Every structure is written in C-alpha cells, then in structure tokens.
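Novice: Sequence order for the protein chains is A and B. Those letters in the first sequence? Residues 1 to 481, by the numbering used here. Those letters in the second sequence? Residues 1001 to 1173, by the numbering used here.
Don't read these hints as lab results, they were simulated from the structure. The structure displayed is predicted, hence computed values, not measured ones. Quick reminder that beta carbons are idealized off the backbone N, C-alpha and C, glycines included. Misleading hints may appear alongside valid ones.
[What the hints assert, rightly or not] With beta-carbon atoms standing in for the labels, derived distance ranges:
| id | chain 1 | residue 1 | chain 2 | residue 2 | range |
| --- | --- | --- | --- | --- | --- |
| 1 | A | Ile188 | B | Val1032 | 42 to 52 Å |
| 2 | A | Val140 | B | Leu1150 | 57 to 67 Å |
| 3 | A | Glu358 | B | Trp1021 | 23 to 33 Å |
| 4 | B | Val1032 | A | Arg237 | 30 to 40 Å |
[Said to hold, decoys possible] To give an idea of the chain B side of the interface with chain A (calculated C-beta under 10 Å), a few residues:
| id | residue |
| --- | --- |
| 5 | Thr1029 |
| 6 | Phe1031 |
| 7 | Thr1035 |
| 8 | Arg1044 |
| 9 | Val1046 |
| 10 | Thr1092 |
| 11 | Leu1093 |
| 12 | Ala1095 |
| 13 | Leu1096 |
| 14 | Gln1111 |
| 15 | Asp1114 |
| 16 | Leu1126 |
| 17 | Leu1149 |
| 18 | Met1151 |
| 19 | Leu1155 |
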Amino acid sequence: MTTFSVASYVNAVWLTARNLLSCLVVMTFILSNSTVFADEQAASLDGLLKQVQQSIHQTEAQDQQRLDEFLAQYKKQSGLLKEAKARLAKAESEQVRLKRQYEQNEQRLQQQQETLTARTGQLGEVFGVVKQQGQDLSGVIQDSMISSEYADRLSTIAFADQKRIPTMTDVKALWWLMLQEMTATAEIKRYQASVAQPNGVYESVDVLRVGPFVAIDEQGRFLNYEASSQQLSVYPRQPTGSSVEQAKAYFNGQADTLLIDPSRGNLFELIGRTPTLKERLEQGGPIGFIIIVLGALGLLVAVWRLFAVLIAEWRIKSQAKRIENVSLANPLGRVLSAVQEAKSDAQDASSIEVRLDEALLKEVPRLERGMSALKLLAAVAPLLGLLGTVTGMIGTFQSITVFGTSDPKLMAGGISQALITTVLGLCVAIPLLFCHSLVADRVRRLIQLLQQVAFSSLAEYMEAKRSPVIKNEDAANREVA
Amino acid sequence: MWLDPSLWLQALTQFFLTGGWVLFWLAWTAFVMWTLLLERTWFRWVQFPALKRQCMKALDHKTRTGRGDGELVNEVSGLQRELQKSFALIKTLVALCPMIGLLGTVTGMIQVFDVLAFHGTGNPRLMSAGVAKATIPTMAGMVLAVSGLLMYTWLHHWSRLQLASLAHVNDGK
C-alpha cells in the first residue's frame, strides 16, 4: 500500500512536473531522461526528491535562460522592426517623391512630344511633297526618251519609292533632274546610245534626238524608246513615204524638216500595228482571193481588148485614108473586099446589101470579143464582195454567240473580212467598168465607121451605075441612128 | 477672204487629207468626166453649128446636082457619130462616182474597226478620223455624180434631138 502510495506520489509528482513543463515541448526530452534517471536512482525517495527538485531548478534555470534569450530576441526583433518601419517610411516618402518626379517627367515628355509634332508637322509635309514630286518625276523620266541619254537618272530618283526620309542629296537631285528634263525637252541633240537593232543585237550608234518626241539614227530610221528597259530600239516598221530619207537628210544636216510624232511614239506604234497590204489581202479570206483572181483575169481581158481595139482602129483609119488599096488584115478592108466581090458577082442592089450586112455581121463579134466577159466580171466582183461581207458577218455573229460582245477584238476578224471583200469587189469592179465602157464606146464607134464607109462606098458604086440607092441609104441611116 | 487663193488651197489640202486616198481617185474621175462634158459643151456651141452648115451645103449640092449620095452619107453619119461621141463614157463615169464614194466609206469603216481593235471603244477621237474618211468621199461622190448627171442629161437630150433631126434631114432629102 505504501509502495503503491509512494509510487502514486512519485507518479503524482512526476505528473505535476510534467504538467508544469508540458507547455515547453523542448523539455519533454529532458524529463524522459530524468525519468529514466529517476528509475535508476529510485533507490531512495529523498534522492528522487532531490533529484526532482534539482531537475526542477535546472529546468527553471533553463526556462529562465530561454526566457531571457527569448526576451533578448524579442527586443532585438522589435528593434529590427522599428528599423524596418523606419526604412519603409523612408522608402514610401522616396516613392512619393519619385512618383511626383515621374509625373513631372511625363508631363514634360508630353510637352516635348507636342512640340515635336508641332515642329515636324511642317517638315513632314515637306518630305511628303518631295516624295510625291519624286514619284511624279520618276514616272515622267521613265517614259521620257531623254533617259536614253542619261542612263542612271532612275536610280537617282529611286528614293521616292523607298521608306526613308529624303536626304539633302536626294532633294538636290530632284530639282536638278527636273531642270535637266526641262532643258533637254527643248534640245535637238546628238549623242551616242546603245540601240537595239531589228535583229535583236544592241549596238552603240549615233542618235539624234529632237526633244522628247523623236529619235533617229544615222540611216534615218526612227527609234522607239522602250520605257521598261530604258533603251532605244529601231521601229520594225518605219513610216512610209519619203519620211526616212527626209530623216536621213535631217540627220546629216541637209534638210530642215523632220517628221515628228507629237504623241511621243504612240503614232509610230500605231503605224507598226496597221496591217500591211499583204495582211489586209489575207484578211479577205478565200473570197477575197477569188475576187483578186477574177480581177486579174478581168484586167488582162481589158488590156487585151483595149490594145486590140486600138490597133483595129488605127488600121481602119489608115485603110479609110487609102480606100482603093484594100487589105484583108483589117475589118474595114475585109468589109470593102466583100463589097467589091459582091459588086463583081451580083448586079442586084439588094443582094449586094445582104452581102454587105453579112460582112459587117462577121466583123462585129471580132470587135466585141471579150466585152461580155469584161462586163460579167465587173458585175460579179461586187456580188462576190457582198458574199464576203455576209460570210464575214456570219463569222462575227458566231463569235458573238460564243464570246459575247465583251471583246471587240474577237469580232474584228469577221468585220475586217466583210469590209475587205467589199473593198476588193469595188476595187475590181470600178476599173473593169471603166475599161468596159471605154472599149465598148470605141467598138461601137468603129462599127458605125465600118457601116458608114461600107454604105457610102456602095452608094457611090450604085450612083456610078445610075441605079436607085435610096433603099441602101435608108438602111445605112437606120443602122447609124 | 473668199478671194485669197492660199486659203482655198489650204482648205482643199485639208479636205483631201481628211478624206483619204479615195478622194484622189474621185478627183481623177471628176477631172476626166468634166473634161469630156466641157468638150461636149464646146462641141455643142462651137463645132456642131459649123459641121451642120457643111452638111447642109452638101445636101444643097445634092439637091441641085442630083448627085453625091455617098458623100452625103459620109457627111451625115460622120456628124451623127460626132454627136454620140463619149456620152457612154460620161454615163459610166457618172455611175462610177458614187461607187468610188462607197469604196471610201468601206475603207473608212476599216480604219474605224482597226482603231476599235487596237484601242477598244474608249477613244472616239481616233475613231472620228475613220468616220471622216468614210463620209467625205461618199459626199464628194454624190456631189460629183449629181452635177455630172445634170450636165450629162442636158447635153444628151440635145444630142438626141439633133440626131432625130439629122435622120429627118436624111429621110427628107
């Protein structure tokens, strides 16, 4: 029971001690040590009490020491806190100051910006104007024939299209180029330039330039200025007529007139695009070809008949001069010889007249040979032209059916065939009609002449025989009238 | 102003340049036509009366002597041939004038369509040159044909009357 009570007492003490120190976690380890120690030293209660007392003192001292330490730490920490707070306050005041400064700076910056925009406002406009002028001028220079003389002008003005502020050199170059272009426009100048020949080879030749309008070379050929390559080239098709000789003479200083294209090459280009006569004839198509062939045929017939009739006329006239010397090589001679034969054969006037009529009728087809063919060809040619017109229009309308009316160039083929065949038809018909009329008129007069001479000779013969000739004369007059 | 020949020449040159090469054909045709017409007029007023007088003398001679039928036939039919001379050609030339004008119309239209093919419909100023070439020769051809036709009809009518009267003379001898 005592053991138990001592034990419970010890236990109680131990518990008390534990309760006392339980707030300090660190002490647990030490207490357990002392417990272990107590267990070992449990031989005597006093010893244990002492031990406990001792350990209490020890822990109290330890506690005190820890408390002191803690307090010291606390003091130190609060000092530090104070210090930190002071620093914070200082930093805050610094922040306020800086903030104010920042605001001030911001304000100044804004002011400066405003001044900057106010000042660069005018200058920016100047740059804009310079660039605008530069772009305009580079367009002019690109298209100007004068650039063939001064090769690097475009690179000088290139700043206009670059994204940078023009420098003083650029601005100076701009006005210099403007002045150069202006003065060169008024010049007639001779210089060396590389010129693309028709065979595609560039050759350096002497070139005479008249303002920005026309450039000619030594042979009087007109030169084309190609804006894309900044080079001169010989026009593949030169203006017709005496223009080239005139230009050659002008180049050599022998003439003072020169063909000038005021549209700076557009008209010369148009000359190159105008179809040649051969191309035009090809536009007529097969019908055009037929018309040309018929026209050539008609022309041959016309020339043949014209010469034949002129020769016959000449022969008849020379025969009429010496009527007694009858030759069989001409119509009048043949008619007269027929009359003479009839005179010797028959005595009857009416039978002589019949023979005379027969001889005249024989001559008429000879003289009128080819006339109907000529008339036929002259009539057929415009009809064929009309046919070509209609087929051409059919082609045009077919192309309209397929492609619509949007592109006039597609319709142009049919239209040009239509028009060219009409032109060809008229060009064939007009001279043929003229020739026909000319020849027919002569032939008619020749036949009248034949009749007249024949009948007058018959009348003289009859008169010589003292026989009535009224009937013959009547017949002659009827024929003539 | 109307009497200044240089102005006239200038206007004429301008006219020919605007109308194109067809006008030269027309001018040539008109020249030939009017030469023939003037020759006919000259014949009508100057040559024909003399020839007719000669013919009448032959007729008188014949009626007085009762001879010379052949001579008379020669005289009369010669006169008749002279009366009919070159009328057929003049008629053809009158007919040719509008045809040449038509030729000018067609060539002018070709030029218009060429311009259309090269530049599209956007350039009426270039097209108007072709339109001028199309219309001026037609107009000139018409003017020439009408004037020529008036003169021709007048002279031809007279010629036919004279032929009839000559036939009458021949018949009534």
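Novice: Take the hints in turn and mark each one as holding or not.
Specialist: Verification of the hints:
1. Ile188/A <-> Val1032/B: 42 to 52 Å: 46 Å, holds
2. Val140/A <-> Leu1150/B: 57 to 67 Å: 60 Å, holds
3. Glu358/A <-> Trp1021/B: 23 to 33 Å: 51 Å, violated
4. Val1032/B <-> Arg237/A: 30 to 40 Å: 35 Å, holds
5. Thr1029: 8 Å, holds
6. Phe1031: The hint is violated - Phe1031/B has no Cβ within 10 Å of chain A, the shortest such distance being about 13 Å.
7. Thr1035: Nearest chain A Cβ about 14 Å off; hint violated.
8. Arg1044: 18 Å, violated
9. Val1046: Status violated, d = 21 Å.
10. Thr1092: This hint holds: Thr1092/B lies near chain A, its Cβ roughly 3 Å from the closest one there, short of 10 Å.
11. Leu1093: 8 Å, holds
12. Ala1095: 7 Å, holds
13. Leu1096: 6 Å, holds
14. Gln1111: 9 Å, holds
15. Asp1114: At 7 Å from the nearest chain A Cβ, Asp1114/B passes the 10 Å test, so the hint holds.
16. Leu1126: Holds - the Cβ of Leu1126/B comes within 10 Å of chain A, reaching about 8 Å at its closest.
17. Leu1149: Violated, because the Cβ-Cβ distance from Leu1149/B to chain A comes to roughly 15 Å (cut-off 10 Å).
18. Met1151: Violated. Min distance 17 Å.
19. Leu1155: 15 Å, violated
Hints 3, 6, 7, 8, 9, 17, 18, 19, counting from the list given before, are not met by this structure.
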